[in-house]
Amino acid sequence: MSNRMKLISGGLVKNNPTFVLLLGMCPTLATTTSAINGLSMGLATLFVLVLSNMAISAIAPAVPDKVHIPVYIVVIATFVTLLQLLMQAFTPAIYETLGLFIPLIVVNCIVLGRAEAFASKNGVLDSACDGIGVGLGFTLSLTVLGLVREILGAGSIFGWSFLGGRDGMLAFVLAPGAFICLGYLMVLFNKLFNKEK
Amino acid sequence: MEYFLIIISAIFVNNIVLAQFLGICPFLGVSNKLSTATGMSGAVCFVITLSTLVTWLINHYLLEPFQLEFLQTIAFILVIAALVQMVEIILKKISPSLYQALGIFLPLITTNCAVLGVAINVVTKQFTFGGEPHMLNLAESLVYAFATSLGYGLAMVIFAGIREHLALNDVPKSFKGVPIALVTVGILAMAFMGFSGMVK
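Going line by line, the protein sequences match chains X and U.
In this text, residue positions in the first sequence follow the numbering used here: the first is 659, and each later residue adds one.
In this text, residue positions in the second sequence follow the numbering used here: the first is 58, and each later residue adds one.
Don't read these hints as lab results, they were simulated from the structure.
All of these numbers come straight from a predicted model, not from anything done at the bench.
Ideal placement from N, C-alpha and C gives every residue a C-beta, glycine not left out.
Where hints are given, some of them may not hold.
Short, incomplete list of chain X residues facing chain U, as computed with Cβ under 7 Å [said to hold, decoys possible]:
#1 Leu680
#2 Pro728
#3 Ile731
#4 Cys767
#5 Pro834
#6 Val845
#7 Asn848
#8 Lys849
Kindly produce the complete structure, drawing on both the sequences and the hints.
Encoded structure:
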């Protein structure tokens, strides 16, 4: 059991997909215009990651080596389509905001990366834990980045404005702010957790 | 005139990397040297245009008549993966020199979200380009896809040029590698924001 806890906590800091492994950059930059958007994108990816990890670890022994990548992609695409339909039905507003980046979870390197590196070699439960860990790590970094951009760019926290009607620095909500904020957050992360470097 | 607007809009105003955040991983990954950056842009340009052609046809003549639009994601990613494989095999036979030049980049392109992104965009989104909002027809889609990939190449080449100079500078330890690259892209994106509003 403690081993599974380690799998979950490992994804948060040591193997954080955004700040350490540098995977899944496109949704990280594009959907973090506010904390709530970042959080929803993270949770959407978590959903696909856990389910595809479990399915792939279950079918991995039966998949011939030569075609394993196309098979994994189809499995992942199936869960993404499932997610699209679910979101369209239950959270249409969030689906509209995240737009293109929901179908693009298919080509998010985190999902295929975990399938290839972990799920194809481990049991179903372990793979689920790994998916939860990495998914939570991704959600955490997206939420933090979204929070920083929202505070600087719109002057609000999770939609609650503290500027009293004045404007924030709009550039942080637009494209340049995404790159610059992520760059500086990465520096901070390196400083805090990679002291030996 | 409309084609001209599509081209300007796709290359400068809505640059795929700097404004739409697509294809960031290879953008950061292979922009260390100008030569690899050009090679990658060439391969991406080729695959985006070709895959847009095929996915547009599939969507229009197969998925829409049978009301299977919800299968877009699965169908498109399969088409792109198969197409990349096919291009690789054909290039190997027909033009070994071009295959040598693009070789290592081709397999990477399957997971480049710019390709799937453009393919999904042209069949689901309404574009304005100065006139009424409308769905793109085949010719417009192809021009849009080609221009978008040119924009990708432009951003890639500019950034690789900057990065080659950056490598010679003394960068603080925590900033080394990706963080300083991201801050640089941020400033580059700010420069490209100057184009916004040129084409609606």
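So, going through the hints one by one against the coordinates:
At a threshold of 7 Å, the smallest CB-CB gap from X:Leu680 to chain U is about 6 Å, leaving the interface hint in force. For X:Pro728, the suggested interface contact is upheld, since its CB lies about 6 Å from the closest CB of chain U, less than 7 Å. Checking X:Ile731 against chain U: minimum C-beta separation of about 6 Å stays under 7 Å; hint holds. Against a cut-off of 7 Å between C-beta atoms, the interface hint on X:Cys767 holds, since the closest Cβ of chain U lies about 6 Å away.
Restraint check, X:Pro834 versus chain U: the minimum CB separation of about 4 Å is within 7 Å; hint holds. Here the hint on X:Val845 is kept, as its CB sits about 5 Å from the closest CB of chain U, short of 7 Å. Among the interface hints, the one on X:Asn848 holds; its C-beta lies about 5 Å from the nearest C-beta in chain U, closer than the 7 Å criterion. The beta carbon of X:Lys849 is positioned within 7 Å of a beta carbon in chain U (closest approach about 5 Å), and the interface hint is therefore held.
Going through the hint list in order, the structure satisfies each hint without exception.
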